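Residue numbers (the numbering used here), protein chains in the order written: chain A, 1 to 960; chain B, 961 to 1300; chain C, 1301 to 1506.
Keep in mind that the hints were calculated from the coordinates and are not lab data.
As the structure is a prediction and not an experimental result, all values here were calculated from the model.
Beta carbons: idealized from backbone N, C-alpha and C, even for Gly.
Treat the hints with caution; some may be incorrect.
Unchecked claim - Covered by chain C, according to a simulated footprint, are these stretches of chain B (three or more residues, beta-carbon under 8 Å):
#1 1026-1038
#2 1079-1091
#3 1189-1200
#4 1209-1217
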Amino acid sequence: MKLTRISEQPACQSVPTGTRTLNRREFLRQSGLVAGGAALATGLGAGMMRKSRAAEAEAPKGGEIRQVKTICTHCSVGCGILAEVQDGVWVGQEPAFDHPFNRGGHCAKGAAVREHGHGERRLKYPTKLVDGKWTRISWDQALNEIGDKLLDIRASAGPDSVYWLGSAKFNNEQAYLFRKMAAMWGTNNVDHQARICHSTTVAGVANTWGYGAMTNSYNDMHNARAILIMGGNPAEAHPVSLQHIMKAKEEGGARLIVIDPRFTRTAAHADQHIALRPGTDVPLVWGMLWHIFRNGWEDKEFIRQRVYAMDEIRAEVARWTPDVVEDVTGVPEAEVLRAARTMAQNRPGTFVWCMGGTQHSIGNNNTRAYCIFQLALGNMGVAGGGTNIFRGHDNVQGATDLGVLADTLPGYYGLAEGSWKHWAKVWDLDFEWIKGRFDSGSYEKSGDQETPVMNTNGIPVSRWIDGVLEEPANIAQKQAIKAMFLWGHAPNSQTRGPEMKQAMEKLEMMVVVDPYPTFSSVLPDRKDGIYLLPAATQFETYGSVTASNRSLQWRDKVIEPMFESRPDHVIMYQLAKKLGFEQEMFKHIKVENEEPLIEDLTREFNRGMWTVGYTGQSPERLKQHQQNWGTFDFTSLKADGGPCDGDFYGLPWPCWGTADMKHPGSPNLYDTSKPVAEGGLPFRARYGVEHNGTNILAEGSSNVGAELTDGYPEFTADMLKQLGWWDDLTAEEKQAAEGKNWKTDVSGGIQRVAIRHGCAPYGNAKARAIVWTFPDPVPIHREPLYTSRHDLVARYPTYEDRKSFWRLPTRYQSIQAKDYSGEFPIILTSGRLVEYEGGGDESRSNPWLAELQPDMFVELNPRDANNAGVEDGNMVWIEGPEGGRIKVKALVTRRVAPGVAFTPFHFAGVFEGQDLRAKYPQGSDPYVLGEACNTVFTYGYDSVTQMQETKCTLCRIAKA
Amino acid sequence: MLGLLLPFAAALAAAGDEPRVAPDPTAVSPGVELWDAVRERQPFDAGQVRTQPPGGERGVLINVGGEAWRQFRMQELIPVAARVLGGVAIAILLFRLLRGKIPIRAGRSGEKIRRFSGFQRLVHWTVAVLFVLLALSGLVMLFGRYFIIPWLGSEFGGALTYWLKRIHDFSGPVFGVALLVMIITFMKGNFPALYDLKWVFKAGGMLGGHAPAGRYNAGEKGWYWLAAGVGMVVVVSGLVLDFPNLGGFDRDAMAWYHRLHSIGAVAIMAVSMGHIYMGTVAMEGAFECMATGYCDSNWAREHHDRWYAAITDEKSPSDTATGLVEPAPEPSAATRQQAG
Amino acid sequence: MARMKFYCDAERCIECNACVTACKNENEVPMGVNRRRVVTIRDGEPGERSLSVACMHCSDAPCQAVCPVDCFITTPDGVVLHNKDTCIGCGYCFYACPFGAPQFPLDGQFSTRGKMDKCTFCNGGPETADNSPDEIRKYGRNRLAEGKLPLCAEMCSTKALLAGDAGVIADIYRKRVVNRGANAYLASGSLQKGAFEALQTPPQPE
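Just chain A, same shape as in the assembly (with noise of 0.2 Å):
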């Protein structure tokens, strides 16, 4: 059965094609409107091989094949990618044994990332919602009509009351531009996923050492003789690392441990398994660290030298006797202890956790002791220690560092006056008239003062829906928002889904930037005020990512956008174009065909980020890199020979100074053993000099080749003054550097000379066991707010209801004062599937995973099956305490405890019941649908960061 191509232009065939590009046309035709003609063409018998392998055979020969390197777009282990191109189709993947993270291995969806070049389902043009039908519209129209939108609003309520809703799947320049459009919009109303993914463990881990990262990488796991992950499951969520974690335990002996509610996939594969009840994570930590002090198994010498406060904990861990332990997370003291054995026996260790952590209402706190246990053992700043942290989506880190935060402008600077001056002279921009674009007023009192709203914390993406839908009085600003952008965003990751639905009703417009229509289009409903833009995959545009150890990996563009998408920046651009600021925003960046130049966009975030050291990866050196990932040693992550001899891979922040500085970038946070100059770095002086009379600089410990061999705070121009440094500057130098500090000198100059007298720029301190600036500046235990054992709340309450909160009312007291234990008797939890990223929109609508996960389910106990009535397989119900609902499938195992229940969190297009694949616009339905589990979470927010409480809420579950 020959397959023909159906062509309306024979002629194009014999077109010696070479290394002409395509149209869309010819495009089309090669990678996905062929096959289906052919199918049917060929009709009987098509079913054993079929699609665009038989179109890509028939593509004009010829054409030469390329390879493309880039980097795999599911999560942030940031797995190399060998991408075959044949005349501008995405023929072949090859596996990337070169490349240092993944030794190209990947896993399902890694592994199938090539169906992006298919692309299927797709959203494929412009298209509104008009009077309840999708309708296809041009970019210009679109463009058009949302510009007109958001200008009125601004007219008429304000800068606030548009919601920049960004994604951590933007790659770093993409990022960095979304923040700096929010910026000339005028708004803190700007975030992104990281919100709900791991804000916790930013503002904990960074309050408590300097950076909120992970400190080390996966591949130095290799180093580690003992690892601990607490809320993560790699094997399923960032499956690759097992490769590094697999190799630790063969190859060096590594003990692991998990500590999960769930016997996860990657429990598996552990020495010891302990499932502890959902939200009790410090009381556990404690229990370990109680055995830990009691047997005098901590490290004295590294707690005197290098961190502060330890003694309050002991006083808090105390309190944690094993019969309290074992009462409040029920796990029994001999399985407590023989954790703590194994991680003291067996140094250095590491510190693995993920969501399961992060997502709770005392995910700060969670996260802070998870580091007070490595602080205690010693395991910080050595190889195969560290506390490492797997972030979730493939630049969650990068988008983070690059700000698109409602509490922070690029690289953690701060929402201040001195921060915005920082960066209106990196963009060279007059600083009033940035102000000048947001609101004029004020929201809040920083004691007497009238605190700026362009000072003012934005709303952030966890509670987007309460500023839509709370009493405009009860908000932090001038009105409630109006109009929401979801860039790149999944709203099903997201709790308290029926009043999302509300929330969504309700706006006056909502524009969705994706490559899919993702569930915000069939969620409302809706009649009008809804489109959908279509942007490109970065698989189709190209720049830097920054993988979950702080590499920046550059990725290049493997094919032109497909259908009618346009690449982010792009999109970006035109907008920008349209509001009138463009002019501002790419005052120095080249901008041709509408496309702004994603190297100058490097080059100016390079110019601004000192304080996390994005500043040596210069485009050039990042596409070095990528050029030699094979002279990159698999465990420590360093170059030895070749052109980037020396390096450590990606650059992993911080990367000192300007690019001519050839930092190598820093493999492992905090390790004093190395020199500044060479990766070493001792704890971030952030907090001050002294707290309470006391002082909390590092003693007797620094780095290498220091000159300073104690602690020493930051570095500032009167600083090097002092120590009489300040003649190594060079004149231009001195002239940027004269009454600046290490983040705001623009020169670099501090850091330079700071580096080279060996010390850090940022300074050296001890870590913080206390943060006194916290709710709890002590890490305790507070129940959750929908708590299956009320009667501990009484011992461990949680905070007080707040008044305004990140512009907004936040409940705590008011609801956990109600029991629901005996309404609603289980517990849920939610996780990923290795099929599966995210909301899913895209993984769902890729045939080779879609058919691997064809249905939503939940995990129940045979205990709790049998007692509703339920057998494997049946459909329940699952009601929360809130009101909402999801008929979803029983998969009854004694992967979860009885009382427990698990659900997966990437379906949608299921809604309490309704299939709404008829809403989607046509032909861009997910293959798989399904109800999700965000519709039954619940409220509940972190007292730092609010982020979302989705690792413990209550239910119950009834046979369908």
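Given chain A, put chains B and C in place with the hints provided.
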């Protein structure tokens, strides 16, 4: 760094006091256990077995029945079927050589008796044609590998077999319907009678002279019931094999239905060879019954005496009028041809 | 001469299904046909282990033995291939195969079987022209012809699934078993931990 290591050593020393599990040098890798389990070498609780995508037999790690089925097909079915079918063929040949064609001893009377109605003949020949198709295509699937493929090559032989298999698949269900109709149509006269025993003892007349028979002799009755019984087994099992993707039966079940199907089919084919021989060239006057619907009265008298007696005793003018007995002496073209 | 084999290391397999999608990716296998699958036993309980299963390219292949049209061949590399032009879709190989490797797409009519489809060890079909459009259409890619191994194994996230010459695979696996044995021995505390570590890593300067 020494400072860092000291407490580590201290911790180790302290931890060393804890009791340790005694080593078991004979402990085997869990992997060994798993693979033994997979191969079912030792009893093992596999617990819940799951796979993605869910469903069907994807969750079966090892198809234990596969080897047994292979043994059945290769070591039993094919050699035994070859012997049985070949044996029957040889037996028929020998019988022919020894006995020659069985004549109508009294010669043709010229008087024709109606033996089968048009509908009966239609049903018979439908079943017969389908049966031959099914049998031939089935035989090709059974033995084709040893002659079709070496002879015609894998390309053409494969294509031929493919089409024969499709014919087999599609004609099977039709055959089933036809067979059902045939069972009903031919049921009258096929119930056993006491005198059938005599026929059996006399081996249909080969031993001890004349054997009594009704409308159908005991051999034919046996064939009828065999075709009805085993035939339906073959039909039903064939239907199971015909729709593998409906998912009603798993692989093991299908292998068992295949066993039934093949054994039944070989049995029927073996017996059918006898029937075809007897019905065609073995005896004078037999084929014309099913070809024309009429038989010679002498043939009826000699081979189906009871039936002949019954219809002649009851013979009345009305029978002639209804055409039960046709007095015309002129043999039909078909009969003539047969006789020649 | 190489003798190609798959081996799945159950201690390493984490059921990430990369092998499954890698196969779909390389060979454009349609929905409903799974040349490779991952089976998990004791799912959700201690002792949970997964295995990636596909055609194991048996030396005495049952599929080959029972095929009524003799459409299987074993290549000099030990890869069991079958010929879709000859295949009649009878399903006998499916009955006989211990691993459930043979897959049958719907033929479109009356729910009958199409021609069998199975793992080719990424070695295409019996076609003489490697990676010809015809071969790719019918069997998928012929990676062996390009000097590469099956993509499922090459992309395995934890290097659990090994493919290649039987001797080489056995060596890799043996090393792992030795390491695990040593670790198990260490964990049991019978060997001086320090001594073993000294063997493994040279002394570090302090």
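Now the hints, each set against the structure:
Counting residues of the stretch 1026-1038 of chain B whose beta carbon lies closer than 8 Å to any beta carbon of chain C gives 6, which meets the minimum of three for the stated coverage. Coverage of the stretch 1079-1091 of chain B by chain C is violated. Counting CB-CB distances below 8 Å, 0 residues qualify, and the rule asks for three or more. Coverage of the stretch 1189-1200 of chain B by chain C is violated [criterion: at least 3 residues with CB-CB distance below 8 Å; count 0]. Evaluation of the coverage hint for the stretch 1209-1217 of chain B: fulfilled, as 3 residues show C-beta separations to chain C shorter than 8 Å, against a requirement of three.
In summary, the numbered hints that this structure violates are 2 and 3.
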